[in-house]
Amino acid sequence: MQALHIKAKELLESGRVRVIIGYGEGSSGRVRPVFIRNVSEAEKLVWDNRCKQNLAVYLLKPEIKKIGMPAIVATPAAVMSIVQLISENQLKNGDLVALAIEDDSVTEISDDVSLETYVQSHPVIFPPSVKEEIRTIAEKSLQDRLKYWQDELSRCIKCYACRVACPLCYCERCITDVNQPQWVCVASHLQGNFEWHMNRAMHLAGRCIECGSCTLACPVGIPIGLITIEASRVVEKEFGQKPGLRCNAPSAMSTFKVEDVETFIK
Amino acid sequence: MNDIFEPTVVAFVCNWCTYAGADLTGTSRIKYAPNVRIVRFPCTGRIDYNLVLKAFEQGADGVIVSGCHPNDCHYTSGNFHARRRWIVFKQLMEYMGIDMRRVKFSWVSAAEGAKWADVVNTTVQEIRSLGPSAEFSEMKGEGIA
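Listed in order, the protein sequences are those of chains A and B.
If you're matching positions, the first sequence starts at 1 in the working numbering and goes up one per residue.
If you're matching positions, the second sequence starts at 1001 in the working numbering and goes up one per residue.
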């Protein structure tokens, strides 16, 4: 943490960076995002194993972009999000300084090549318990799967915290906000909840980098990450494309190969 | 009183191939099940997966999605984009527990009048044996704590 404070002060003093997006003390012993603009506030930055939220979501917010060049305290998942955002032309080479922290030493990563190298050497390792959960769901019968998701999604209150927390949900006008025509039912009954989560998963197919921020953000504890992750895994299995690894990767669902294979179109 | 369940099947088809193919079925005087309601799109690439969900939401028992064969798309590549989309959508729906046997996909060209009749007849028969679709439309109003 000491090294982080020193680096933060240095970046702000030199004027290379105008705001540092990082973690600070929050309520009830949790961490919350903080935006450090003055050297005097740099000591507010915190770094420990509570720091799990994906802060990359703030890089595209107009309020942050207005301030100027940002630095971001980046977990490996956040770096992967940044690479994916660059591949989608939402961020450009040199738009930010990522601060990767390991054993109290801080590494600055700011160009495309270094970001890619970092991602290759620091894969996001999903907890084995989650892999286990996905496998358990996939092994259930169709009816049991439906029952499982109905049980889980009945708690959804359509707060859209999952959308807000996700760095890849950056549409200025979400499909749920369109009401002429009403594509997605906004009611929070089961049908509306299913429609929302199906849409989100389809829109994140091949883009979800499995950071788990959506599951962390859900106030009613639904494992919604398991749906978006499944959509990305289908893309990886069928088309061999994984998100968040290369800055110039083609978008999986906007492109196609003539050789794509399926067996169900007769 | 006829007790046999007559399913409602909505067909989302592309204008240049399947719709023309269905026209040919008609002009050839081939009889096929009247349960299908055909909705015409310029291309399968335009068929949003939300439309399939909306069909079930509004009471359809089955859905057919049909378009030009690969490499025959009037707009060159619309059906290739659609194919990728359906591959992901189908597996995602199955993961969520939705029975995708109620959605049938096919390539029917403008010359395949007989094939269209066959697709519709087979689909209607299968949906008839699956019974009325309740799982999606019944979820409305449920799960409100």
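If you're looking for bench data, these hints aren't it; they were derived computationally from the structure.
Beta carbons are placed, not taken as given, at the ideal position from N, Cα and C, and that holds for glycine.
Some hints could be false.
Capping the alpha-carbon separation at 25 Å, the derived lysine-lysine pairs in DSS-like fashion look like this [claimed, not checked]:
#	chain 1	residue 1	chain 2	residue 2
1	B	K1140	A	K158
2	A	K237	A	K257
3	A	K140	B	K1090
4	A	K147	B	K1115
5	A	K92	A	K44
6	A	K66	A	K9
7	A	K266	B	K1090
Which bits of chain B does chain A cover? Going by a derived footprint, with three or more residues having C-beta under 8 Å, they are [said to hold, decoys possible]:
#	region
8	1016 to 1023
9	1091 to 1104
Discussion item. Checking one constraint from the list: CA of A/K66 to CA of A/K9, max 25 Å. Satisfied?
Written reply: 21 Å, holds
Practice prompt. Sort out whether B/K1115 lies within 25 Å of A/K147, counting only the CA atoms.
Written response: 37 Å, violated
Discussion item. So if I understand the rule, the pair passes when the alpha-carbon distance is 25 Å or less; does B/K1140 with A/K158 pass?
Written reply: 15 Å, holds
Worksheet item: Are A/K140 and B/K1090 close enough, with their CA atoms no more than 25 Å apart?
Response: 17 Å, holds
Discussion item. Would the hint linking A/K266 and B/K1090 be met if the CA-CA limit is 25 Å?
Written reply: Measuring from Cα to Cα gives roughly 14 Å; hence the hint holds.
Worksheet item: Does the alpha-carbon distance linking A/K92 and A/K44 stay inside the 25 Å limit?
Response: With a Cα-Cα distance of about 29 Å, the restraint between A/K92 and A/K44 is violated, given a limit of 25 Å.
Worksheet entry | Coverage of the region 1091 to 1104 of chain B by chain A, judged on three or more residues with CB within 8 Å | holds (count 10)
Item to complete: Apply the coverage criterion to the region 1016 to 1023 of chain B and chain A: a residue qualifies when its Cβ sits closer than 8 Å to a Cβ of the chain, and three qualifying residues are needed.
Response: violated (count 0)
Item to complete: Starting from A/K237, check that the Cα of A/K257 is at most 25 Å away, please.
Response: 14 Å, holds
Comparing the model with each numbered hint stated earlier shows that hints 4, 5, 8 do not hold.
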